[in-house]
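Asker: So the chains spell out like this:
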Amino acid sequence: MAHATPTRSIMSKPSWRRYMLRFSAAMAAYVAVLVPVDYAARHGLLPPAPWLYLAALAPAIPVALVVLIVLRYLQEEEDEYQRMLAIRAYISAAGLTLTICTGWGFLQDFAGLPQISLHHVFVLFCVCQGVATGWVKWRARG
Amino acid sequence: MKNRLKVLRAERDWSQADLALRLDVSRQSVNAIETGKYDPSLPLAFKIAQVFGLPIEAIFQEG
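Line order of the protein sequences matches chains D and C. Heads up, the first sequence is in the numbering used here, so the first residue is 1 and it goes up one at a time. Heads up, the second sequence is in the numbering used here, so the first residue is 1 and it goes up one at a time.
No lab work stands behind these hints: they were computed from the structure. These figures come from a predicted structure and were not determined experimentally. Keep in mind that a hint or two might mislead.
Residues on chain C that point at chain D, a partial pick, calculated with CB under 8 Å [to be verified]:
id, residue
1, N3
2, D24
3, Q28
4, Q50
5, V51
Glycine residues also receive a C-beta, built at the ideal position from the N, C-alpha and C atoms.
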């Protein structure tokens, strides 16, 4: 019976599974590096310069990895329509992050809102990416 | 671009999932092409033509 064919979800695709695995590993590395660096900074345990700069930049390495992992996924995704949806979601997330950060910057300068550390931008982008993916998939539903 | 995917699929009694499986794409991709939300690339259009055993111009028309 033709209509009994199971729908192949994107989540069952090897390229998506590889992406999720790599992304999870990079996020785990981010936490694994950030927690000790943050602890050392709070307790005055960070080494002097130049090692100080290396230690402070260490949590940014997994962030750079996430960008590379996303690019790799876009190369490996065999389904061109899904690839287009993913690109649309990433661009939307980048635009949303940019808009929020710029808006917050103006609120800081003109309305006296508190200053927020720039390293929160990555977390904000991840949240925006989740929202944008949901929005793009919802619009493409059918 | 218009296409006859839905008609050709119905003639063969294939669901969107059946066609998606033959094309190695997601069902959403077939739906997006069928409803005109997405125009496939040339390689995918050739693959669709191959699956139906028809020339591309018999499936896709300008408009």
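Asker: Confirm or reject each hint.
Answerer: To see whether the hints hold, each was checked on the structure:
For C/N3, the interface hint is violated, since its Cβ never comes within 8 Å of a Cβ in chain D; the closest pair sits about 14 Å apart. For C/D24, the shortest C-beta to C-beta distance to chain D is roughly 7 Å, which falls under 8 Å, so the interface hint holds. At a threshold of 8 Å, the smallest CB-CB gap from C/Q28 to chain D is about 6 Å, leaving the interface hint in force. For C/Q50, the interface hint is violated, the least distance from its beta-carbon to any beta-carbon of chain D being 16 Å, above 8 Å.
Interface hint at C/V51: violated, since its Cβ lies 14 Å from the closest Cβ of chain D, which is beyond the 8 Å cut-off.
In terms of the numbered hints stated before, the structure departs from hints 1, 4 and 5, listed from lowest to highest.
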